[in-house]
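Asker: Residue numbers (UniProt numbering), protein chains in the order written: chain A, 1 to 997; chain B, 1 to 168; chain C, 1 to 99.
Derived by calculation from the structure, the hints in this document are not laboratory data.
For every residue, glycine included, the Cβ atom is placed at its ideal position computed from N, Cα and C.
Now the in silico label distances, taken between C-beta atoms and shown as ranges:
1. B:Pro138 / C:Glu39: 54 to 62 Å
2. A:Trp878 / C:Glu39: 25 to 33 Å
3. C:Glu39 / A:Gly902: 21 to 29 Å
Which chain C residues face chain A? A few, computed with CB under 8 Å, are given here:
4. Leu2
5. Thr35
6. Arg78
Derived, one-sided and incomplete: chain A residues facing chain B with beta-carbon distance under 10 Å:
7. Arg166
8. Pro267
9. Arg280
10. His600
11. Thr665
12. Asp675
13. Val751
14. Thr756
Listed here are the chains, written in short residue letters.
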Amino acid sequence: MSRYRIPGKGRVDHAAPVRFSFDGRSYMGLRGDTVASALLANGVHLMGRSFKYHRPRGAVTAGSEEPNALIGTSRGKGRAEPNTRATMQELRAGLVAESQNRWPGLGFDAGAVNDLLYPLFSAGFYYKTFMWPRAFWDRLYEPVIRAAAGLGRAPGEPDPDRYASRYLHADLLVVGAGPAGLAAARAAARAGLRVTLVDEHAEMGGALLSDPGVVIEGRPAWDWLAAVLEELRGLGVRLMCRTTAIGYYHQNMIGLCERLTDHLDSPPETAPRERLWRVRAARVVLAQGAIEKPLVFDGNDRPGVMLAGAAQTYLHRFGVLVGRRAAVVTAHDSAYFAAFDLADAGVRIAVLVDTRDAPPADLLDQARRRGIEVLAGHSVTATAGRLRIRSVRVNRVRDGQVAGGRAIACDCLLMSGGWTPSLHLFSHTKGSLIWDAAAQTYLPGETIEDCHVAGAGRGLWGYGAVLADGDAAGVAAASALGRAAAGAAPAVAHDRTGSGEAQRELPSDMAPSLARAFVDFQNDVTAKDIRLAVREGMKSIEHVKRYTTTGMATDQGKLSNINGLMIAADMLGKAPPQVGLTTFRPPYTPTTFGALAGYHRGSHFELTRKTPIDAWAEERGAVFEPVAQWRRAWYFPRPGEDMEAAVARECLATRASVGIFDASTLGKIEVAGPDAVEFMNRMYTNPWSKLAPGRTRYGLLLGEDGFIRDDGVIGRLADDLFHVTTTTGGAARVLTMMEDYLQTEWPDLRVWLTSTTEHWAVAALNGPNARKVLEPLVEGLDISNDAFPHMSVTECRVAGIPARLFRLSFTGELGFEINVPARHGPDLWRALMAAGAAHDICPYGTETMHVLRAEKGFIIVGQDTDGTVTPADAGLGWAIGKAKPDFVGKRSLSRPDMVAPGRKQLVGLLTEDGAVRLEEGAQIVDDPARPLPMRMVGHVTSSYRSATLGRSIAMALIENGHSRMGELVHVPMPGRTHRARITGTAFYDPDGARMKL
Amino acid sequence: MQVTVEELAPVARFSLRVRDKGVAAVGKALGLTLPGRIGERADRGDLAVLCLGPDEWLLTAPEEARAGIVADLAGIYARAPHSLTDISHREVGFRISGPAAATLLSMGCPRDLDRLAPGRGVRTLFDSASVILWRDGPDMFRMDVWRSFAPHVRSLLEIGQQELAAGL
Amino acid sequence: MLLIHCPYCDETLPEAEFAYAGEAHIARPADPMATSDEEWRDYLFIRTNARGPHYERWRHVHGCGRFFNALRDTVSDRFLMTYKAGVPRPDLPATEDAQ
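Can you build the whole structure from these sequences, using the hints too?
Answerer: Right, dumping it as structure tokens:
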């Protein structure tokens, strides 16, 4: 066993050694250790280098507030994490850990030259240094700063781990399982509440784990803890360890991040690494305790200098001595107890320096009994030692005068500047913080959330007070939810109460400009920096923070904020609350992107909708494209074909014989009821009253602003029944818009809307041979041109399946759309493919569909329109029922700017060189010789190579385009500017004869 | 923790929309009283009627009952106008059952399932998909998902089952 | 994520089931063609943008499907009340917390 581990002591398993490596060296720890406790047990204090000056650093804390001991951890390829806090990472067999921010090694680090240049790196260094010359900004300064910036190395490979998430609902969520949290959970659970209790550590107990000598309800602290946890389990309380409450959101929604596998030697293959919980709790008790403050003095960052409470935790939880000869410096009673416990465990307390003139007599008594020399009214002014503290310089302070110092040898220095209530989550609720002048700290004030702060988090000290407060908080939560609850404030013996005084930087006889008294360890901000920032005009703490970067590191100022504030306030001669406190924001501790992404990665990154024909298309080798949430077959390449070749073949085959297309994604809405036709007249621009059952019409939908929102073919199946189709992407939006009008503007109409998009699978047959393919499969219906002309709809059976059959065309060819109930979609598709074999039926995808419709000048809403296009702009004025008194958008069509000249209008565009395909989105100008920036008169909306026409075609929105037919315009593109002539949009069969075969 | 997920055989499903005086007439034609509160369900034999909105009910019945329901309601349309839309193919149904059923659903459903009593059903969300969630028993749920969303939902449920099987 | 009380379902439910639908109590003119350009412009585009209590519309889209009205404080993000569509605009609750 190592020199610093006390056999049998602590909550670690002394019978279970665990081997791990740090910077390539193999070490042994125990099950239950953190990386920090295991290294300390091996006498290793040096765990990292600081960010700016590359100063050697060791663990200051034993918790998640750790600023220094940040390490890289790895479990193999892709499973690497930078900035893991060694104080939180539990030991697991084979753990590979590395220190950060050093080269070539932790002991000798070339970057430490920055430390010698300390006088250069003042507050605001970047703002002052990298100003001039301007030409250096991009080429020199930025690369240099970027190379030096950042802490740790980001993993280079994709993260192979899984991450999970769940919702959770509770009557009461208790954050923090220290004495206050345990008492609150117990009182509430006894009253019958659904309680969840979370703690970020590997086990529950909080401060009790570091104070086993306290006796609660007649039992030693650890026995009491075990009994309470047993009772909570029995009461059905959900106990969650290794779970950090990362943020407090509206109406008691708390985000939790649970670490599931990082502590396991070999986690199950399918287990998620972390799980994000979204908890909705009727009441919340925040029992997050308090965080010990460092003291600010020269050399307070040397490895071996740590918080007194941390040393106490390493002793009791882990059985680890942080040194053999300890010095203590404190402004609070609590460090005495740490000193006593260490002394009782065999550590020589070289000196106990108290910054106060008159420490409590009973503590002095106890110190005297242990032979501890207490120097009251003293200050620590320096430390010595290269990679580990060797001695501490102690000076007497009287009436503000610092006397000459003496050096006292030690191998660790325990400090306590008092305690800061942990109010991060409370602050997330926008809760007010109230400055307590007596305690020199902020305490929780009012919040609009149903939330209560209990225990040390609201400035209470001592186990009796904290337990009673927690119990009362549990009772209050139960009462608020209407449950009778009886309080039972636990009796405490051997309590450890106390108080302290707040310090700024400790008085020193050293020239302030030379003192390296750190306020923010992680970002290397010293007291001098903060004073300088104030001298240079930073009057608010928010400015001081940004100028010095104090509180901006991954620990978010958990240790440094109050010290920084006290120094800034002193410099400004103001009370701290007048200087302010920076805002705490989620997350409480750094949170992995994996946990936040949860299941939404890879193929689940977003929801993908698939049609009934999707499997067939996949088997057939289709290339897919995303359209809204759908994946749609884009084209069907044959071996050796690229997209252009496949699309050309599909287009030609459809125009020559017959093509088949999966149109299932089109939105479908059943509009039914006695007032259906009136509703349609009010919603769509077109007139519907005279449309006979069995007939269809192209419908155009505007917003109330008069701009095109959607379109589609609409069939009237009966007097009171319409089958409306919408664009694929517009389906939900159109239904929402219709429901809105129906529910809130016209609730008197007896009409109902039902989405049937997914009830139907739709196959579109297009081409001169479409009827020949379909005819033999249709039962009991004559589909000849005379009996079933263009724009007809009927119900019939196709291939034995009940169907709604439309005759319509989005390609310009003779076309049918066959709707069958979705589960029969694949059967229908196979029947059509079989029947079409004799005609070389060609399946085509969305790209061919786009080309074929563009050859006809049919618009795609959202591609050829952009939310500023009126029916007239798009050349669709014919679709407006001018005799109708009203429809959605009608009034806007006569607004002055809608009828003013100069509107962009949809036209065709033919490049002079038919081999050139314009880029969609390319801007259009009248005269490319004009100086930049030149006026743009429009842009290309659609552009394709047309195999049918043997050249490129395009559509464009151009100012006054409708009156500029035949004119030349210019389209600048990368490389060169192309000339194109404005035309109509119908490039192919402009009379529409082919649709009416 | 035990939980099974199975895809259910197709049934006849209708969206029924009716209001005011028509409600009673439609109920009578179906041989039951349409439940009046959202989330409530009424059954007559194999016919289940779930109230989803103030004027919206979901009907489910065996496939062979389809024609009968259509004919029964067509008969009263003139005096009780309504909309009865066949949506049998729109959704896929999954049964999620076992002691961990509610836990599995909590990976995607933001509702407090303790407040969805057995015998009730509601429209809600699972991940980003709108679903109808029926609670048939303390440990037995049914989830109707629009067909195209079903592969995504199914695959998330499988991931959740693996998590539960791993015990974490 | 907010909690919203749906006045039709009579349940308080997670925001994820709802969709925002703009300011409330802006009725479509009964005869749009009879409105002046200015009146129609105001109907289309002019909104309150309140700091504090705001009458607005929501839809329980992944639930009962109904549009309804709400009074929400845009500072605290709290819903002060929700009520069914078609109900006249209620007065501000007198008991509203100053916080």
